[in-house]
Amino acid sequence: MTAPKTLYDKIWDAHVADEADDGTCLLYIDRHLVHEVTSPQAFEGLRMAGRKVRAPEKTIAVPDHNVPTTLDRAGGITNEESRIQVDALDKNAKDFGIHYYPVSDVRQGIVHIVGPEQGWTLPGMTVVCGDSHTATHGAFGSLAHGIGTSEVEHVLATQTLIQKKSKNMKVEITGKLRPGVTAKDITLSVIGETGTAGGTGYVIEYCGEAIRDLSMEGRMTVCNMAIEGGARAGLIAPDEKTFEYVKGRPHAPKGAAWEAALEWWKTLYTDEGAHFDKVITIKGEDIAPVVTWGTSPEDVLPITDVVPSPDDFQGGKVEAAKRSLEYMGLTPGMKLEDIQIDTVFIGSCTNGRIEDLRAAAAILKGKKVKDGMRAMVVPGSGLVRAQAEEEGLAEIFKDAGFEWRLAGCSMCLAMNPDQLAEGERCASTSNRNFEGRQGYKGRTHLVSPAMAAAAAITGHLTDVREMM
Amino acid sequence: MDKFEKITGIAAPMPLVNIDTDMIIPKVFLKTIKRSGLGVNLFDEMRFDREGNEIPDFVLNKPQYRDAEVLVAGDNFGCGSSREHAPWAIKDFGIRCVISTSFADIFYNNCFKNGILPIVLPQEQVDVLMQDAEKGANARMTVDLESQEITTSDGQVFPFEVDAFRKHCLINGLDDIGLTMEKSASIDRFESAAQVARPWV
Ligand code: SF4
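Protein chains in written order, with the working numbering: chain A, 1 to 468; chain B, 1001 to 1201.
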C-alpha cells in the first residue's frame, strides 16, 4: 500500500516530468496564463534565442494591469508606456499563436478571473502565471502559483518549471461563520495569525466546514491571498460545487472526456493520515469582519478593535509598526471605526467576482454614498459586468453614487489611471496595503466587499453587521 | 546569466522587516519592456522625494553606501508581487547578494535567475552582519559561494546553505532554459503519457 498523500502530493506526483538526484524536478505545466506586464521580456528572450512556444494551446493571454477602466477606453490607451505594453502583448499573442482576449473582447478581464470563467482552470492542473495572485486558481484544487519573468520564458519554451517540492501546511477553519463574515475575513484573519512570512516554503491546503460552505467565488478569495501569507500556493480540494462551477464552461471537457475527468478529479483529496508539516486551526465562529490598519496584510484586526501601538509588537515589527502608523496617519488607541475615508474601491482578483458585487449591492440597495466620497466598482471581467447589469446590480451601484467601470485591475495597483492621490484614504477590497500600492502616499485599508459598501455609506470604516 | 563566484564589497544595512516588491521597485517602473536600466529607480519612493531629490538619510544615498554590493535586510525580504523587475533593479544598481532571515519565495527564485545570491541565516547571525554593515564603507564583507562562507570585516566567518543545483548554475552562469531543453526527451515522454491519462487537459 502506498503512503497516504496530501492533495498537494497527488497533484505534484502527477506532474513530475523529470527528477534529478538532489530532488530538483521538472514540473509539467498544464496552463500558462500571461499578462502584459511580466511577459514582454520573456517573449523577447524567446525571439532572441530563436525559440518557439512549446504548447501554445495551453497558453492564454489577457491584458489587465495597464488597461483603463473608464467607459471611453475603446478610444485607446493614452499613457504611452502602457499602450506599448498592451500592444506588445497583442503582437506576441499573434506571433506565437496563443489564445488571446484583447481589450475589446467582452471576455477580457483580470487574468485570474478570466481563467476560471472560461474553464481554462480545472481541478488537478498545474497553473502558472507571471503574477503572484495566481494562487487564486488553487480554489479548484489545482496547483497554481506565481512565477517571475525568467520562469515565464522557461515555461513558454519548455512547458515545465524547475521546482523543488514545498512542505505541506493545513489551515483548517472549523464550524460556521457568523453573519457578516466573509471569505475575505477568513483569508485576512489567517494572515493575521500566521504573519506574512508564516507560509514561506509551504503549500497551504485550506479545509474545514467553513471552507466547504464557501461558494467557488469565496474559495477563490481565500486562495488568492495565500501569497500574502507567504505560501507558494493555496489549495482547496474539489467537490460537487467545484464540478458544478466548471461544467459547461467554454474550455471545460465535454461528454466522455468530462466523465473521465470527473473520475480522476474525485480522487483529489488528502488521504486519511497524510502528513502535514504545519497545522493551523481557526474556529469559524471566532472570525469577525476585519480591516487592516497598517501597510502589511498581516496588520489586521477586527473592526471593533482599536489602532495598536508599536509597543504591542516585538523585534523588527516595532519599527515596522511605527513606520506604518506614520504612513497611515493613525494614532494608537483610536477606534478603527473612527477612521474617516474618502475613497472606496470594489474590485480586483480578490473580490471582483459576481458574488462580491452582490454582497456589496445588498448593503447599498436604496442607500447613498456619503457626500464628497469617491466610490468605484470595477468588475473583474466583462462577463461579470454583463451579469451584474442583468441582475440589476449595476443600477444599485449607480443609484448609490458609485462609478460603474469596465473590467481590469484598476486601483488594485494603480498602474493605470485609477490611483489614490497623496494622503487619500481608501477602503479597498483588493489584497495589498503596501506603501504606495494604490498611488503615491495613498493609504489603503483592506476590507470585504460588504465592509467596503458600508464604509461608502458612512464615510468611515464601519462594522457591516450594524447595517444588516 | 552573469556568474557569481566570490565578491568582496560594501554591505548596506536595511533592518526594516517585510520590505516588499513595491518598495524595491514601484509599479510606475514596471511599464518597461526591457530588463535593463532599472537600477536608478531601485527603492525609488524611499530614495527620492516627489521632485526627484535624494532623501539624504536613506541608506543607499549615504556616501559610504552608494557602491554597496551586499544588502543585509530585515525578515521576509521581497514579499509581494512576482515582478522580476525587483531583482533586475537590485542587480542593475550593483547589488549582487542579499542577506536576511527569510525571503519571499518568488523573489528568492527570481534572484537565482539573475545572478544574485540570496542568503538565509538565523537572526543572531544576521544581527552580527547588520552591525558589521553599519560600520560603513571601510567594512567590506566577503561572500564566497564556492566555499559557502561569509566573512565579516573583522574576520568572523559564517557558513551558509544553498541548494546544490542553484549553486552550480550561479557559479557557472548557466541558462536554465538551455539546461531544461537538454531534457526534452523526458518532457516528450511525460507529454505523451499525460495525453493518454488526462486527455482533457
Ligand atoms: S487585480 Fe490586483 S492583484 Fe489581481 S492581478 Fe490585478 S493587480 Fe494583481
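Please keep in mind that the hints were generated in silico from the structure rather than gathered at the bench. Treat the hints with caution; some may be incorrect.
[As the list claims (entries may be wrong)] Below, simulated BS3-like cross-link-like pairs (lysine-lysine); rule was C-alpha separation at most 27 Å, straight line:
#1 K167/A x K247/A
#2 K1183/B x K165/A
#3 K1135/B x K322/A
Given the structure is predicted, the values throughout are model-derived calculations rather than measurements.
Satisfaction of hint between K247/A and K167/A, Cα-Cα up to 27 Å: violated, 32 Å
Hinted pair K1183/B and K165/A, Cα distance within 27 Å: holds, 19 Å
For K1135/B and K322/A, compute the direct alpha-carbon distance and say whether it is at most 27 Å. Satisfied, since the Cα-Cα distance of roughly 25 Å is no more than 27 Å.
Of the hints listed earlier, the one the structure fails to meet is number 1.
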